[in-house]
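Engineer: Each chain, letter by letter, is given below.
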Amino acid sequence: MQVNSGQQAKGMSLPSLLLLILRRQLMLYARKPIEVVQPLLFFSLVLLMFPLGIGPSAERLAPFAAGALWIVALLANLLAVEGIFRSDFEDGSLDQLLLSPHPLYFLLMPYLFVHWLTTGGLLAFCSPFFAYGLSLDTTGIPVLMASLLLGAGVMTIVGALGAALTVGLNRGGMLITLLIMPLYVPILIFGVAGVNAAIVGQSALPFLSLLGGLFFAALALGPLAIGAALRIGADN
Amino acid sequence: MQVNSGQQAKGMSLPSLLLLILRRQLMLYARKPIEVVQPLLFFSLVLLMFPLGIGPSAERLAPFAAGALWIVALLANLLAVEGIFRSDFEDGSLDQLLLSPHPLYFLLMPYLFVHWLTTGGLLAFCSPFFAYGLSLDTTGIPVLMASLLLGAGVMTIVGALGAALTVGLNRGGMLITLLIMPLYVPILIFGVAGVNAAIVGQSALPFLSLLGGLFFAALALGPLAIGAALRIGADN
Amino acid sequence: MAEPLLEAVDLNVERGGRQLIQDFALRLSPGQLVQIRGSNGAGKTTLLRVLSGLSRFAYTGSLQRTQPLLFIGHQSAVKTLLTPRENLLFHVTGEDFGEEREIDQALAIVGLYGFEDVPVSQLSAGQQRRVNLARLFLTDRMLWLLDEPFTALDQAGVSLLEDRFGQHLSQGGAILMTSHQPLRTLRPHSEVDLSEL
Amino acid sequence: MAEPLLEAVDLNVERGGRQLIQDFALRLSPGQLVQIRGSNGAGKTTLLRVLSGLSRFAYTGSLQRTQPLLFIGHQSAVKTLLTPRENLLFHVTGEDFGEEREIDQALAIVGLYGFEDVPVSQLSAGQQRRVNLARLFLTDRMLWLLDEPFTALDQAGVSLLEDRFGQHLSQGGAILMTSHQPLRTLRPHSEVDLSEL
Amino acid sequence: MWFFFHKLGSPPWLFRISGSLLRWLAPLAIIALLIGMSWGLLFTSPDFRQGNSYRIMFIHVPTAVVALAGYYVMAIAGAVSLIWRIKMAEVAMLAAAPVGAALTFLALVTGSIWGRPTWGTWWVWDARITSMLILLFLYVGVIALYEAYDNKASGARACAVLALVGTVNIPIIYKSVDWWYSLHQPASIKFFGDTSIHSSMLYPLFLCIAAFYALYTCALLANMRVEIIARERRTKWVKRLVGEAV
Ligand code: HEM
Ligand SMILES: Nc1ncnc2c1ncn2[C@@H]1O[C@H](COP(=O)(O)OP(=O)(O)OP(=O)(O)O)[C@@H](O)[C@H]1O
Ligand SMILES: Nc1ncnc2c1ncn2[C@@H]1O[C@H](COP(=O)(O)OP(=O)(O)OP(=O)(O)O)[C@@H](O)[C@H]1O
Ligand SMILES: [Mg+2]
Ligand SMILES: [Mg+2]
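Protein chains in written order, with the working numbering: chain A, 1 to 236; chain B, 1 to 236; chain C, 1 to 197; chain D, 1 to 197; chain E, 1 to 246.
Simulated from the structure, these hints should not be mistaken for laboratory data. Fair warning: this is a prediction, and the values are worked out from it, not measured in the lab. No residue lacks a Cβ here, since even glycine has one placed at the ideal position from N, Cα and C. You may find that some hints are simply not true.
Here are the simulated DSBU-like pairs of lysine-lysine, each with C-alpha atoms no more than 35 Å apart in a straight line [stated by the list, open to error]:
no., chain 1, residue 1, chain 2, residue 2
1, E, Lys236, B, Lys32
2, B, Lys32, E, Lys152
3, E, Lys239, B, Lys32
4, E, Lys236, E, Lys152
5, A, Lys32, B, Lys32
6, E, Lys152, E, Lys239
Label-pair distances were calculated between CB atoms; the ranges are [claimed, not checked]:
no., chain 1, residue 1, chain 2, residue 2, range
7, B, Leu224, E, Ser112, 47 to 55 Å
8, D, Glu3, A, Tyr105, 23 to 31 Å
9, B, Gly201, E, Arg116, 24 to 32 Å
10, E, Val168, A, Leu48, 34 to 42 Å
11, D, Gln67, B, Asp235, 41 to 49 Å
12, A, Arg86, E, Ser112, 34 to 42 Å
13, E, Ala69, A, Pro101, 40 to 48 Å
14, A, Pro103, D, Gln19, 30 to 38 Å
Okay, chain A solo, but in the shape it has when bound (with noise of 0.2 Å):
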């Protein structure tokens, strides 16, 4: 009746498994359309903002593009980071993660991976269009993407450690906010800085490097934090 061997098995080896959550948040974002197409449309109905505020014409909006597509950047970030953990507490499919013999640690990262690839990722390969958009002066671009790509990773691991603190209680995106803002500041002063840097023509090497580091530090440090803040709350 059993269907596989009966003897004791050893399971599945950590790489394998990490290619299997990978593939089912792919498909889960893939499931819904919504989810695909939000950021952008957010993205795209904000940015129409911004010229709105300030009249068209290109040296005026200049200096503020960077500005405003961090800005947005990071907004877009906030609004779909609430549910990285959400449905899977609900249904208890994150008891079932943690309860893996695997080391929570590595288990985080597909849903890192994919959450990050399909904000910042996304909007950092369409940003050329939006920073054409607003007439950013190209010479920012080739930093702006690079700096998006690194700023999201950062904000994406912070934004998943407060969906986890409010993982247990079903609460929306107001608390989460509270949460990590605070935490996003330095992202968005950096690559901001470093976009405009490069603009004026001085090197953004600095900027993209603290946003490196900040990047390489949170990827080290904060999926520890996220696994602890998951524990907590599937014990309340």
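Got chain A sorted already, so can you dock chains B, C, D and E with the ligands onto it with the hints?
Structural biologist: Chains B, C, D and E with the ligands alone, transformed into the frame defined by chain A:
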């Protein structure tokens, strides 16, 4: 054993039921005292990102003030509206609502009202402070408040329709929602354009009346559509 | 004989491309208890939702209800953010549950005395279910449609519920219910087995 | 005698300010089935979550598990956006369920033949539950902790599950389960009644 | 050392010690504050630039300084409670949050009141002001998170994690904000500029700062005592205590 008198009773009158649902929604929104101030913190946090992204000086901030406040309104709406019927659907309360003998059109009003109140309404009432912080020209403030109040109303109804269509996780609904979301665009444009008009000394009336028209049209027809969408969602 | 509270004539229900229910007829009069049986996926819930009017588009046939009914489905329709008392105070069904006093009484009957003010999220599965079932001791509706009312209940809970059913029937109410385990004390007026349909 | 898969010594569990479980001891060896009984709110789920290691902060006492275990709780841990097959293919527990072939076999055993590719959101309550239970026919874990495994299952489903339990025990597995209705064919090695504690 | 830690871990001991500590620290704080205030407000000459409005400094500066220090108190307490599982550290963290938030709020209010006469506006996006605002959000975040949890034990743990993450970030936030401000060389007002405070103002200012530190400690301890009693309400020693009281 039965607590009430056994004989046929006629249930509750519509007004008292509406009052009940209103209190229920408010309570679900803010279970604890601190949750009452959370939206205000949310607004200020999001607005804080603008000086950080764009620059601290008044002359840089002022042109964005109106747009920024409108973006916050949009964000608050998007964050909250997705869940306006979600939990009621998942825990079965929605079925109970649909089975109530009273017309759904009215029963939906408390849902919409509380959502409007806690997003645009609240924001509008404290917008003068935020406007001051973003050094918006004071002549724009009355128009800002009025347009936020009206615009948030339309956003609430449009968003609720989208939420109702997707509540049963049916693909069709999601696709229709994608068609609905662009409706946010004119609302934002009218709102910001109105404020800017007022600042430069032109009349904001045309924009406000446009928003007003949208609002009353939405109020008249929206709940019917939302009700129909909910019945379809519950049937799926 | 009294005119029925619920009447269905040659009902046909299709779900996910499959014909679940064929030429189904039912006549539920005051004082009657009808139990629907059938294997998982037979169509019990679907049928109840059609009869209750929640599922308007999935069926063909004629359907008559004379008055608002009470429906309890698989989900417990309880808000975990609220306390049991608040859940019964601020319900959306439009029934008249009376004052806080009656509600506390009902909560005590279903064994939630002392839990009136605990957030439902901190109650056990069965306790959460009981919050919802307390409604049966407060409602003024005569026609009940219950989908697996016994899930998550312990033995005591089951017999408590059956007693209440008996009382409701004796007061001229009618019950249409599904259940996987047979009733203990009550004898259903008739049974419908969907697996055979 | 074989060394136990699960051992708990003077366990004390507090929940919501109430002492639920006092000086609880349990020793679960291969081939043993222990059933936990108790009224709603007695503490069965809490105990299971403590023993499984999901609830790390709510207890005092010593707890020993020699290997990863399988836990099935009140929630079905099934993604309604995915199909049954996908749910078993893309699970997060780290068990080795083998290829698609084995998974389809298991789905057939639990009576979901033909539903492999239907989104779970379109399955009945019991069918959704069965998707999760198919895991029991694929897992390689020896220690099972099951919280109300029979909920929403029809008679056939219950006996199918009991047969599987018997087989698992005979293969040297161990089961700790809660249930409100007594087992039919199996005889638990011992019963724990939390209401009495 | 370990013995001391163990003592710190025991509620009754902490309750007793904090009680006797309060008994002499509270009056001391009040007296210091009275002296500092009256000195600053009555016996110092008006500022050559700002006239008398600068005198609010004697509240504003201390609150601001202590509010900052308060966050580290909270965060370190949280860290200790996570690492060494010391319940009383948890209590300290929870007690520190509202006190710190209140001080931060006071610094913001007094600051903007000061700003009105000084630069003719209630609010300016200055570096210190901005970071103070962020600090307020960090405090309120901890409070809100704890309030949101029904299961207070879990809530406290969650707050500890958050506070810990906050500590790592506070220096980064401050540096970045400072430096964001310097990037944008503000057009109009110069703030905290070369206005060297005259020593005649400096001594009373230091006294006020010391007084506020003392006040902070008192508020913290009092808050902790409340929390301890609430947590231990079922224990024998509390019952005995209440018995004595009644
Ligand atoms: C990190 C937090 C803060 C600290 C440590 C701090 C400290 C100080 C100090 C030492 C002074 C006297 C410096 C001088 O006179 O040159 C001062 C002045 C002042 N502070 Fe703050 N402050 C802080 C936050 C704030 C905030 C949040 C506001 C307003 C909302 C504010 C508004 C002012 C004003 C208007 C002055 C007078 C400026 C002048 O003399 O030109 N400060 N503050
Ligand atoms: N998250 C929680 N926080 C605080 N108390 C809780 C929590 N969950 C459950 N409790 C309390 O613990 C007690 C036991 O709950 P538990 O879920 O273990 O009961 P149970 O035996 O599983 O009941 P059931 O048969 O209904 O599943 C209940 O009285 C409940 O009030
Ligand atoms: N939303 C839906 N869309 C399409 N098909 C559905 C939907 N819900 C249920 N079905 C199908 O209808 C059939 C009957 O489902 P139903 O929930 O009525 O069964 P049931 O008798 O209640 O089973 P259970 O005893 O498990 O509750 C199932 O085979 C299921 O696949
Ligand atoms: Mg069913
Ligand atoms: Mg349970």
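Engineer: Against each hint, give a clear statement of whether it holds in the structure.
Structural biologist: Against the structure, the hints come out as follows:
no.: 1; hint: E:Lys236 <-> B:Lys32; result: holds, 31 Å
no.: 2; hint: B:Lys32 <-> E:Lys152; result: holds, 14 Å
no.: 3; hint: E:Lys239 <-> B:Lys32; result: holds, 29 Å
no.: 4; hint: E:Lys236 <-> E:Lys152; result: holds, 22 Å
no.: 5; hint: A:Lys32 <-> B:Lys32; result: holds, 32 Å
no.: 6; hint: E:Lys152 <-> E:Lys239; result: holds, 22 Å
no.: 7; hint: B:Leu224 <-> E:Ser112: 47 to 55 Å; result: holds, 48 Å
no.: 8; hint: D:Glu3 <-> A:Tyr105: 23 to 31 Å; result: holds, 30 Å
no.: 9; hint: B:Gly201 <-> E:Arg116: 24 to 32 Å; result: holds, 28 Å
no.: 10; hint: E:Val168 <-> A:Leu48: 34 to 42 Å; result: holds, 37 Å
no.: 11; hint: D:Gln67 <-> B:Asp235: 41 to 49 Å; result: holds, 46 Å
no.: 12; hint: A:Arg86 <-> E:Ser112: 34 to 42 Å; result: holds, 38 Å
no.: 13; hint: E:Ala69 <-> A:Pro101: 40 to 48 Å; result: holds, 44 Å
no.: 14; hint: A:Pro103 <-> D:Gln19: 30 to 38 Å; result: holds, 34 Å
Consistency note: the structure conflicts with none of the earlier hints.
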